[in-house]
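Here's the letter readout for the chains.
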Amino acid sequence: MDFSLDNEQLAIRDAVRQLLSSPGRDAGRWAELADMGVLGLRIAPEHGGMGAGAVETMLVAQELGRANAAEPVIEVAITAAGLIAAAGTAGQQADLLPRIADGTLRVVLTANEPGASWRVRAHGVTAEATGADGWSLTGVKEPVVVGDTADLLLVTALAGEQTRVFVVDPSQQGVTRTGYETVDGRRAARIVLDGAAATQLGTEPDGLVALRTAIPFGVAAYAAEALGLMEVMLDITVEYLRSRRQFGAPLSAQQVLKHRAADMYVSLELARSTVQYAAMSLASTRSDPSAATRAKLQTSIAGRHVGQEAIQLHGGIGMTDEYVLGHYVKRLVALDHVAGDARHQRELLARSLTEHTTVDILA
Amino acid sequence: MKIELSDDDAAFQLELREFFTNQVPDHLRVPSATSAEVGREAIVETQKILNAAGLAVPTWPEKWGGRGWSTLRLHIWHQEMQRAGVVPPFAQNVSMVGPVIAQFGSPEMQERFLPPTANMDIYWVQGFSEPEAGSDLASLRTTAVRDGDSWVVNGQKAWTTLAHYGDWIFCLVRTDPQAAKRQQGISFLLLDLTSPGITIRPTRLIDGCHEVSEVFFDQVRVPLDQLVGEENKGWDYAKFLLGNERIGVAPIEATKRWLAQAKELASRPVPGGTPLLDDPVLADRFVTLENELVALELTTLRVAAGSHDGKPDPASSVLKLRGTQLQQDVTEILADLGGAGSLASGVGDDSDIDPAIRDAVPRYLNFRKASIYGGSNEIQRQIIASSILGL
Numbered sequence: 001m002d003f004s005l006d007n008e009q010l011a012i013r014d015a016v017r018q019l020l021s022s023p024g025r026d027a028g029r030w031a032e033l034a035d036m037g038v039l040g041l042r043i044a045p046e047h048g049g050m051g052a053g054a055v056e057t058m059l060v061a062q063e064l065g066r067a068n069a070a071e072p073v074i075e076v077a078i079t080a081a082g083l084i085a086a087a088g089t090a091g092q093q094a095d096l097l098p099r100i101a102d103g104t105l106r107v108v109l110t111a112n113e114p115g116a117s118w119r120v121r122a123h124g125v126t127a128e129a130t131g132a133d134g135w136s137l138t139g140v141k142e143p144v145v146v147g148d149t150a151d152l153l154l155v156t157a158l159a160g161e162q163t164r165v166f167v168v169d170p171s172q173q174g175v176t177r178t179g180y181e182t183v184d185g186r187r188a189a190r191i192v193l194d195g196a197a198a199t200q201l202g203t204e205p206d207g208l209v210a211l212r213t214a215i216p217f218g219v220a221a222y223a224a225e226a227l228g229l230m231e232v233m234l235d236i237t238v239e240y241l242r243s244r245r246q247f248g249a250p251l252s253a254q255q256v257l258k259h260r261a262a263d264m265y266v267s268l269e270l271a272r273s274t275v276q277y278a279a280m281s282l283a284s285t286r287s288d289p290s291a292a293t294r295a296k297l298q299t300s301i302a303g304r305h306v307g308q309e310a311i312q313l314h315g316g317i318g319m320t321d322e323y324v325l326g327h328y329v330k331r332l333v334a335l336d337h338v339a340g341d342a343r344h345q346r347e348l349l350a351r352s353l354t355e356h357t358t359v360d361i362l363a
Numbered sequence: 001m002k003i004e005l006s007d008d009d010a011a012f013q014l015e016l017r018e019f020f021t022n023q024v025p026d027h028l029r030v031p032s033a034t035s036a037e038v039g040r041e042a043i044v045e046t047q048k049i050l051n052a053a054g055l056a057v058p059t060w061p062e063k064w065g066g067r068g069w070s071t072l073r074l075h076i077w078h079q080e081m082q083r084a085g086v087v088p089p090f091a092q093n094v095s096m097v098g099p100v101i102a103q104f105g106s107p108e109m110q111e112r113f114l115p116p117t118a119n120m121d122i123y124w125v126q127g128f129s130e131p132e133a134g135s136d137l138a139s140l141r142t143t144a145v146r147d148g149d150s151w152v153v154n155g156q157k158a159w160t161t162l163a164h165y166g167d168w169i170f171c172l173v174r175t176d177p178q179a180a181k182r183q184q185g186i187s188f189l190l191l192d193l194t195s196p197g198i199t200i201r202p203t204r205l206i207d208g209c210h211e212v213s214e215v216f217f218d219q220v221r222v223p224l225d226q227l228v229g230e231e232n233k234g235w236d237y238a239k240f241l242l243g244n245e246r247i248g249v250a251p252i253e254a255t256k257r258w259l260a261q262a263k264e265l266a267s268r269p270v271p272g273g274t275p276l277l278d279d280p281v282l283a284d285r286f287v288t289l290e291n292e293l294v295a296l297e298l299t300t301l302r303v304a305a306g307s308h309d310g311k312p313d314p315a316s317s318v319l320k321l322r323g324t325q326l327q328q329d330v331t332e333i334l335a336d337l338g339g340a341g342s343l344a345s346g347v348g349d350d351s352d353i354d355p356a357i358r359d360a361v362p363r364y365l366n367f368r369k370a371s372i373y374g375g376s377n378e379i380q381r382q383i384i385a386s387s388i389l390g391l
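Going down the list, the sequences are from chains R and Y. My numbering numbers the first residue of the first sequence as 1 and each following residue consecutively. My numbering numbers the first residue of the second sequence as 1 and each following residue consecutively.
Because the hints were derived from the structure by calculation, they are not lab data. If a hint is listed, it holds; no wrong ones were tucked in.
In silico lysine to any residue, SDA-like type, Cα no more than 20 angstroms apart, as pairs:
hint: 1; chain 1: Y; residue 1: Lys2; chain 2: R; residue 2: Leu5
hint: 2; chain 1: Y; residue 1: Lys2; chain 2: R; residue 2: Phe3
hint: 3; chain 1: Y; residue 1: Lys2; chain 2: R; residue 2: Ala363
hint: 4; chain 1: Y; residue 1: Lys2; chain 2: R; residue 2: Ala11
hint: 5; chain 1: Y; residue 1: Lys239; chain 2: Y; residue 2: Ala138
hint: 6; chain 1: Y; residue 1: Lys2; chain 2: R; residue 2: Gly51
As the structure is a computational prediction, the values presented were derived from the model and not from experiment.
With the hints as extra help, turn the sequences into a complete structure.
Shown next as structure tokens:
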């Protein structure tokens, strides 16, 4: 039991923080993230990555949140790379992973379907075998985060009764992408597959095992991103309470506002504990399979609380587009709709509610 | 970062688990009871067993039975005890007056009081609050005036927990009404509750129970050598005492037991219907509470891992605030589960209604206290805002 970070982990965190604090979200920053090794965090050294663990992943994601950085590190370098590493053939891994690590290939997982969010199983996209190794995919995936600019798609589809993962080149005929802006000012796409040519990722007839291995890392990373967002939101709210004067005194002279800030802090710290737990758990051999779900649930609850209170405690300025706060709030709201909101996490946890008497951390 | 216990700590945990489950008699293992419910006898008997095994006062100096454990081990000790349903050592003795005497008392006072305090041969109660001194403790009015070989105490304490079980009371009293700051005129005094001039009057609470009392002092003579440390330094000692409450400040294991009890009740068959837990709205509440408790336990472990001895950690305020909120939430869900059966608090044992259901509403009412005592939750928010957020 140890909650401290080692020097190497602190160095990664500080380096990423420094990189992301430089302004701009140009193409150059993606390459810099690659140079720093961030895009190869979850990729084995033999494929050009760092082979780092879940704790390092959490630290990077937290920094993405602190900077509200739009780079799709979690989608590409954590979820998709993790899925390729878990399911891909040796050839696919050797082909794709080094290019993810060096920043020249953006691959994203496309799972959402219209009306069916955050499911591991495919429903409305079907795969037909077209030869020895070829498949043909038909159906609609939407929304696909980063889907309009991704170089390659990992598409979940039903082959008969089973969900498998397929690699699809989105630039081919048979794939129609319609890109649009999301609530947080980022990009997603509607992707219509009409007999699109595909190859299977790996060879297993059942893709769910690999999906369930890879997805929790992404879920935990989104929870860590939410934590980073909330840290900054509380900081700037506290600073605002100190500096803003009304009725001849700083807002911080008002006990009711101080107490509400204290409650925000409590929400934040409890969420932080579950994020660290998810990272430690994913890094452990004695992993708690629901740790990422727990962290996502706790950050989702805390995110609502901190986001709403941050705006309210700022007053009108918190509503303006020119002030930084609202952009953090929007990303926090968006994170609820990426990889599952609180209701979804509760639904997952409710399935095993009667399988334990109590939840024991130090069992 | 690592979630597993080290091999040594894991062995320590197993050793304690074995002791608490096999060496403490079954009648002293009452998983869901509160200390008020188990009564004086069980508290005393349990602590004597723990003390004989060196498990009653691990936080004290080693000379007086302390163990020099890490805060993580203290957490494990506390958790395993509660997990086995063992009543923890009595806080007033072990976490409050004991450490103050060990830190500030004279050698003679330590010899006289620490061994019986550890062994529960003295049952201590706390005399801090007064009718006019609740959260604003420094406004206390009970006085002690030096008269020959004694202090003469006059005044009144309020909300004294389990005073009717007590042998002795440790009090904050005003010894210098002229002090420049009111905090500077307070001393820490030890009184035998059988002294002439002391009257204890029960304060019946909304759950119908007698848990707290008023304690009146009328010309009570107290030997001079029962003043702890220096005269007029009592406020510092009280702050030390309150800062000592880090382990067990959030009653996590006990709350987990109650939630497990509630879940078991909700899983039972319902005549002509389905178990309550089949209701997804109720299941949702359980999932949320379990997750909040996971978050709180992890936060406690973080604080335990990061705390520095002797210095109050403002994170304790987070644990107290959230710990009592969740404790109250769990008493609430228990009260909700009983349906009409929850009306039957007065039925006694001659009933088909489960005792946990019968007692649920009184307990729910009783635990409204949790966000008031030990520094109300508003005081905790104040500490978080000022000490942590700098507001």
